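Note that the protein sequences, when read in sequence, are chains D and L.
Read in order, the letters of the first sequence correspond to residues 14 to 186 in my numbering.
Read in order, the letters of the second sequence correspond to residues 176 to 432 in my numbering.
Think of the hints as simulated: they come from the structure by calculation, not from any bench.
The model shown is predicted, which means the values in this text are computed figures rather than measured ones.
Among the hints, erroneous ones may be present.
In the DMTMM-like style, the derived pairs of lysine to aspartate or glutamate whose C-alpha atoms are separated by at most 25 Å in a straight line are [unchecked claim]:
| id | chain 1 | residue 1 | chain 2 | residue 2 |
| --- | --- | --- | --- | --- |
| 1 | D | K75 | L | E199 |
| 2 | L | K186 | D | E151 |
| 3 | L | K186 | D | E120 |
| 4 | L | K186 | D | D45 |
| 5 | L | K294 | L | E312 |
| 6 | D | K164 | L | D190 |
| 7 | L | K425 | L | D412 |
| 8 | L | K186 | D | E71 |
| 9 | L | K186 | D | D27 |
| 10 | L | K186 | D | D52 |
| 11 | L | K374 | L | D426 |
| 12 | L | K374 | L | E413 |
| 13 | L | K186 | D | E123 |
| 14 | L | K186 | D | E67 |
Residues on chain L that point at chain D, a partial pick, calculated with CB under 7 Å [unchecked claim]:
| id | residue |
| --- | --- |
| 15 | M182 |
| 16 | A193 |
| 17 | A198 |
| 18 | M207 |
| 19 | I255 |
| 20 | L263 |
| 21 | G314 |
Ideal Cβ positions, reconstructed from N, Cα and C, are used throughout, including at glycine.
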Amino acid sequence: MEGTDRVFERLVRDHQHRIYALGLALTGNRHDAEDVAQDTFVRAYRALATYPPERIRELKQKAWLHRIAVNVVRNRVRGVRPRLVELNGSEPDHGSGPEENVMRRAEIDELAARVACLPPRYREAVVLRHVQELSYAEMADALGQPVGTVKANVHRGLKLLRGDNNGNGDGDA
Amino acid sequence: MATVTVMLDLKRLGDVRAPAGFAERVLANVGMADSYAVFETVLGRVYVAWNRLGVSAAMRSKSAAEFEDWFRNEIGRQLIRVDPPADLAAKIEDQLEGRRRLRFDLRGLTPFSQAVLHKTLEISRGQVRPYGWIAREIGHPAAVRAVGTALANNPIPYFIPCHRVIRSDGVIGNYGGGGPEAKRQILSLEGVQLTRLQKLARSGLRYEGVKSTRIFCFPTCYHGRQVREENFVYFRDEAEARAAGYRPCKDCRPAVA
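Using the sequences and the accompanying hints, generate a full structural model.
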């Protein structure tokens, strides 16, 4: 088990920012982002403990963690709308890093909140594609959907984000 | 808004960094790292570490750095200083006052050491037992010295009351939690009559018998608390007690019944 612990620690150090960003984009606020990201890693840890060594070695960590995170979000927000825009910067004890100045942080939070207002299937697709920059194959795996569906959802999601709500036409702006 | 702008914005969302301490909180959540804080207790300032399995270490270290060094060397897990949960200070106070039993994380210790420490938890406040008693009770009657070693390396002194184990000749013995003087001080605080205990031990008397019940006990057993001095009879060893028609107490178990 010593080995698993070391693998896991590396996994956390390597992916913590990516998974936290994913949580923020999917939930729209930093409080839930922390919860989702923590929960994702805890589940990953429990799963790793049951995997044989060769499976751990061959694991595609990035796609695997994204799949867990997406499921965490799906399970926790089932039937619950994400919280809307936070009162500006009033999140407790999530001190911003020195590189994140207040203006930028507020912009990011507003953007995250806007993304979080998308219907779940578009939100997941847009976030995995354009925030996390996964390939369509990785996305299909993480979301458990066919590539064609994923592509269509990314497209419609972007359209909604642009504020272009009318119709299903495929014409680009 | 143009698609390109939206996509650029989204990309920035992906550059967000996890807040400080995020990775450490993950490790704490899965039990790979422990949290710690310093508490003011009846024993003074005590550094206490814990995780989801229970309290994992306690030390009267001089500084946070000293405690962290000791913890990494002895326990080998990572350690994160946190604000203690609101109820923990009260729980610790209750534990030290004997009103509560916390859970402990003894992973990493040998099964033998764990057995010694679990047995030590059974010794009530105000009582003491010899090292040999622990050895016999955990089924290794010959391993008296090993019991001493396991207790000397107790990572959670005070909480797991290794100070309640003393030598059968009445010598207080060494103490990892601050030397013999600290051990004496804590035992007095708990109401052990050390002077009486040591006087008996110096005369070679290890057990007290109660004339009316014909039961013999360790001198700190609570069954002897209400007995007047003239009703006691003292014995050097088990054979002497049994020869006098006394049987061992079933609570403090000075000998196998």
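Comparing the hints with the structure gives:
no. : hint            : in the structure
1   : D:K75 x L:E199  : holds (20 Å)
2   : L:K186 x D:E151 : holds (17 Å)
3   : L:K186 x D:E120 : holds (13 Å)
4   : L:K186 x D:D45  : holds (20 Å)
5   : L:K294 x L:E312 : holds (8 Å)
6   : D:K164 x L:D190 : holds (23 Å)
7   : L:K425 x L:D412 : holds (17 Å)
8   : L:K186 x D:E71  : violated (28 Å)
9   : L:K186 x D:D27  : holds (19 Å)
10  : L:K186 x D:D52  : holds (24 Å)
11  : L:K374 x L:D426 : holds (23 Å)
12  : L:K374 x L:E413 : holds (19 Å)
13  : L:K186 x D:E123 : holds (14 Å)
14  : L:K186 x D:E67  : violated (34 Å)
15  : M182            : holds (5 Å)
16  : A193            : holds (4 Å)
17  : A198            : holds (5 Å)
18  : M207            : holds (6 Å)
19  : I255            : violated (13 Å)
20  : L263            : violated (18 Å)
21  : G314            : violated (28 Å)
Hint compliance for this structure: hints 8, 14, 19, 20 and 21 are broken, all remaining hints hold.
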